[in-house]
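J.: Sequence:
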Amino acid sequence: MNKPLHLPKTPDVETGHFYAYGYTEKLSYLDPEKVDISDKHVARGLANNCRWGGQGQRFLSVAQHSILVVLLCPDDLRKEALLHDGHEAYLPDVPTPLKPILGEPWKKIEERWAREFIIHYGLDRDKLGRIKAYDMEAAEIEYEALFLGKPDRFNEVFIRYNLTAGFWSSITAYHQFKRFMTFL
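For the sequence shown, the working numbering assigns the number 1 to the initial residue and increments by one for each residue that follows.
Don't take each hint at face value.
Claimed, not checked - Cut-off 16 Å, straight-line C-alpha distance, at most; resulting in silico cross-link-like pairs (EDC-like, lysine to aspartate or glutamate): (1) Lys127 to Asp75; (2) Lys79 to Asp124; (3) Lys34 to Glu137; (4) Lys178 to Asp39; (5) Lys99 to Glu111; (6) Lys99 to Glu110; (7) Lys107 to Asp39; (8) Lys108 to Asp93; (9) Lys127 to Glu140; (10) Lys127 to Asp93; (11) Lys108 to Glu33; (12) Lys150 to Glu140; (13) Lys79 to Asp39; (14) Lys79 to Asp126; (15) Lys108 to Asp31; (16) Lys132 to Asp76; (17) Lys107 to Asp124.
Calculated from the structure, these hints are not laboratory results. Remember, predicted model here, so these are calculated numbers, not experimental data.
Put together the whole structure using the sequences plus the hints.
T.: What follows is the structure in structure tokens.
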């Protein structure tokens, strides 16, 4: 007879705690400073988190997106580029048009997590601000590849740096992201 499946208890709405055994003991959406942020968890979370609300013709992880931004930016911005969406390892990648609808509560949660990543990884706020242009360029390249069926620019960036062209599986994205983390 099979043992009964014991799922994590329902998230506590008051504290924002969610228990995810085997991943991290306790994940607090409202108090990110209580979370033990690790490179492994960040790589896994970003590699499994799909960009564009999952509506592209292919799977594109936030991890691969972050690496694309790294490849587009100058060397002095690479750390901030790799981790500019780091908080999305623990939060979903919410499509930009949805954020105003979710309003202030979502904005505060996202800001808390972003602030915690700045502290944890020693990110430079000015450099993070400079990343926006490269983040937007990456989004344009991704849009062409995912929605217009024109992957040439997307593939060319990865080929230029001797990386596998095309959309990576979450496993490949995980390993590549961890590899890029070692360069920081």
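J.: Are the hints correct? Go through all of them and say.
T.: Against the structure, the hints come out as follows:
1. Proximity of Lys127 to Asp75 is assessed by CA-CA distance (about 11 Å); at most 16 Å being required, the pair is judged to hold.
2. Note on Lys79 and Asp124: the hinted pairing holds, with a Cα-Cα distance of about 9 Å set against a maximum of 16 Å.
3. Distance hint between Lys34 and Glu137 is unfulfilled; the C-alpha atoms sit about 34 Å from each other, more than 16 Å.
4. Between Lys178 and Asp39 the alpha-carbon distance is near 7 Å, which keeps this suggested pair within the 16 Å criterion.
5. In summary, the hint linking Lys99 to Glu111 is supported, as the alpha carbons are separated by about 12 Å, within the 16 Å threshold.
6. With a CA separation close to 10 Å, the supplied pair Lys99 and Glu110 stays within the 16 Å bound.
7. With a CA separation close to 24 Å, the supplied pair Lys107 and Asp39 exceeds the 16 Å bound.
8. For the proposed pair Lys108 and Asp93, the alpha carbon gap of about 15 Å is at most 16 Å, so the pair holds.
9. For the hint pairing Lys127 with Glu140, the CA-to-CA distance comes to about 21 Å; that exceeds 16 Å, so the pair is violated.
10. Between Lys127 and Asp93, the direct Cα distance comes to roughly 21 Å. Violation of the 16 Å bound is thereby established for this hinted pair.
11. Distance restraint check for Lys108 and Glu33: the Cα-Cα separation of roughly 14 Å lies within the 16 Å cut-off, and the hinted pair is therefore satisfied.
12. At most 16 Å may separate the alpha-carbon atoms for a hinted pair to count; Lys150 and Glu140 meet this at roughly 11 Å.
13. About 13 Å separates the Cα atoms of Lys79 and Asp39, which keeps this hinted pair within 16 Å; it holds.
14. For the proposed pair Lys79 and Asp126, the alpha carbon gap of about 12 Å is at most 16 Å, so the pair holds.
15. The straight-line distance between the Cα atoms of Lys108 and Asp31 is roughly 11 Å, inside the 16 Å bound, and the hint therefore holds.
16. Restraint check: the Cα-Cα separation between Lys132 and Asp76 comes to about 14 Å, which is no more than 16 Å; the hinted pair holds.
17. For the hint linking Lys107 to Asp124, the alpha-carbon distance of about 20 Å lies beyond 16 Å, and the restraint is violated.
Comparing the model with each numbered hint stated earlier shows that hints 3, 7, 9, 10 and 17 do not hold.
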